[in-house]
Amino acid sequence: MLNDVDEVKRTLELAGYIADEGISTAVYLAASMGKPILIEGPPGVGKTALAKALAGALDHPLIRLQCYEGIDEGKALYDWEYGKQLLYTQLLRTQLDGQLRGAASLSEAVGRLAGEESLFFSEHFLVQRPVLRAFRAEKRAVLLIDEIDRSDDEFEALLLEALSDFQISIPELGVVEARHRPLVVLTSNATRLISDALRRRCLYLHIGYPEQEREVAIVRHRVPETCELLAEQLVAFLRKARTIGLRKPPSVSEGIDWARVLSLLRAKELTRKVVLHTAGAIAKHQADVLRIHELAAELG
Amino acid sequence: MERLVVGFVRLLRRAGLRVSPGETLDAVQALAATGLADRARARAALRLTLVKSEAELGRFDALFDGYFGEATPARGPGALPADAAAVAAEGRWRPAAQGDEGERSGAKLLVETGEEDGLELDLDTLTPVEGDSEGGARMAVQSRRFRGGRADKPRPIHHTRGPIYLRTDDDFLSRWRNEGVKPFPPEEEAAMEEVVARMVKRLRKDARDLRSDEKRGRLAVVKTLQRNYRHGLVPFVRVLRRQRKERPRLVVLCDVSYSVSHASRFLLLLVHTLQQGLLDVRSFVFNRQIAEVTDLLRSLPINATLERIEGGGAVSLEDDSDFGSAFLAFQASHLPSLRGRPAVVILGDARNNYNPAHEEVLAAIRERASTVLWLTPEDRGSWELGDCLMNTYGPLCDRVEVVRNVEELSRVVEELVRGGGVGGGAERERERPRAPAAAARRPGWTHGGQRVET
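Each protein sequence line maps, in turn, to chains A and B. Under the working numbering, the first residue of the first sequence is numbered 1, with each subsequent residue one higher. Under the working numbering, the first residue of the second sequence is numbered 1, with each subsequent residue one higher.
Keep in mind that the hints were calculated from the coordinates and are not lab data. Bear in mind the structure is a predicted one, so any value in this text is a computation, not a measurement. Treat the hints with care, since some could be wrong.
Straight-line distance between alpha carbons at most 35 Å, and here's what the computed DSBU-like set of lysine-lysine pairs gives [unchecked claim]:
id, chain 1, residue 1, chain 2, residue 2
1, A, Lys84, A, Lys9
2, A, Lys75, A, Lys268
3, A, Lys52, A, Lys268
4, B, Lys223, A, Lys248
5, A, Lys75, B, Lys223
6, A, Lys52, A, Lys9
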């Protein structure tokens, strides 16, 4: 399905994602080279949506890891189920007693117990967290590591092995390799500098605000009720609003929300009055609402 | 194709992009996958593998167009005279002749044609720029100041296609001349961000070490039992007593009088960047009066803050600076409200305009602080000249450092952090060379290899 760039583009479009040349080339290369994609860009331009569309189009499970400050391997890679381990030792006490009965010395008993040790550190007691789950999935998965810039840099280092070799070293078990190499998508809002080590292991894709045509296509694709004229006016307005230095410039996702609002109101054209009433869909701060109103005055 | 990619990578490296051999391999692989037929696609493939940050995208695109342009003429150093840039720039205006030695280092060409506004070219790697019909691309020369170190004369290594025209109007020239004094260029802010990121990382590590120190306490029997109740009181998890809790805290006093305005900008930039980090920073500016600017720095971008402060919005800049009365005011209204034992950083030239020194107040501030660090932009030689009180204030500080630019500042602050100056305080006794106040404080004592603060 991902055999050449044009096919990728068509596949994504079927899943409702309009990709440009850069994005579809990135997906194609990620699939053919087996490298993760690191996507940076302002919020709301479709970074996370790309992973979702990819999973939807390929009918792969989407496994999502939302990063936050203080996330660690116990939350991202794997964890041991201590409670279950304890419970089993309690329940198996009689068996253990039987095993150890007749041991001539203490050291022999310890030796016998050590023989069974691997039982308690087996996959049975392993909790799979998103990354391991994506590696051990029955079919190829799409692993979305969302907002990596929110995590600490130690966590980035933790991911390096997984992202470059698609394996995880678990001290008690050894190296666990991926059954199928997942398609990995990392997103970042660039609130923190991602380390070079991580960047090197990824294809770096910067998604900015789309060009007029593509944005019109996106809006019309996501909100089919919108007529061509309205979509064009709306996108032109959004593009202008992005240049006037708002606190939170309206993004593609806001544009889609706005188109939805307008279609609910059955607006056929973008007039000053319509903008005044619906400014809340694209402006997220009071100061921004006022600026949008000023901008609307030009519409007449 | 390999040769093509390697040649392009060499060009990128020369332009300052860091490309590893691994990335070059990736690029070859990617290009093989997409093919060369479609230019936009090939560009996307190279971009994905060779560019690793948003800041590099612009430079990459310019170099890509130069390298993979249609009908590339004979390339190579022999195609043009060695100092093509200087030749082309002569006539109207010559960048190298402007300013002193330091200002010339790392000169950049800022292209201002209609299409490529804001594109920056390193003079070392001059690349072709299409001239417009009215007589050439307009170029602006911008020097990265305060970076020092690289005093290399800018020289074009790479080929140039066609002449470069320079057109400079007075308005632009005056803007350029003011560049170093007026707002911080983004790269300066980026350099500072890098320094601060490094510092913050180290501070975080310190905070972690502190936490693990905490855990080195004695066993908390009751808490251990409580925690292990569900394991049938078998102590799987041990809980240790906490010893002390300390966060790195920083108090910055910054002289903003005209005499040090250049250096104070740096410290304000540092503090502004720090404030976004994890630190508990309180910042004050003073001239004769003193005012807290913590909230101001937190809410406004750096250049707006500077404008506000330099316009006299925080403290009046009409008077001459007076450290003594500023310290008195600080003691009266802010010292009691300081939490913990912060590291105090004072920036100023200690030129007191012959006002009373009030050094006893500085001693009092030091009693409350874990470290007092004084940064001065003046050389050691001039500390005794005129109204400079550095030799009065100096002995009351843990350290006095001469700081004029980002690099020096980062070195000092890193040493301060590494020495455990911020937050820690364990190194204090050792670091204090001449300390009149040391006798007044009871020294700490050790017990069982563990230090006990009194």
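Inset, instruction - For the pair supplied as a hint, A/Lys75 and A/Lys268, confirm whether the alpha-carbon distance does not exceed 35 Å. - result: violated (49 Å)
Inset, instruction - For the pair supplied as a hint, A/Lys75 and B/Lys223, confirm whether the alpha-carbon distance does not exceed 35 Å. - result: With a Cα-Cα distance of about 26 Å, the restraint between A/Lys75 and B/Lys223 holds, given a limit of 35 Å.
Legend entry - Restraint check for A/Lys84 with A/Lys9, where alpha carbons must lie at most 35 Å apart: violated (47 Å)
Legend entry - 35 Å Cα cutoff - pair A/Lys52, A/Lys9: holds (15 Å)
Legend entry - A/Lys52 paired with A/Lys268 [C-alpha distance capped at 35 Å]: This hinted pair holds, its Cα atoms lying about 31 Å apart.
Legend entry - B/Lys223 paired with A/Lys248 [C-alpha distance capped at 35 Å]: violated (48 Å)
Comparing the model with each earlier hint shows violations of hints 1, 2 and 4; every other hint is respected.
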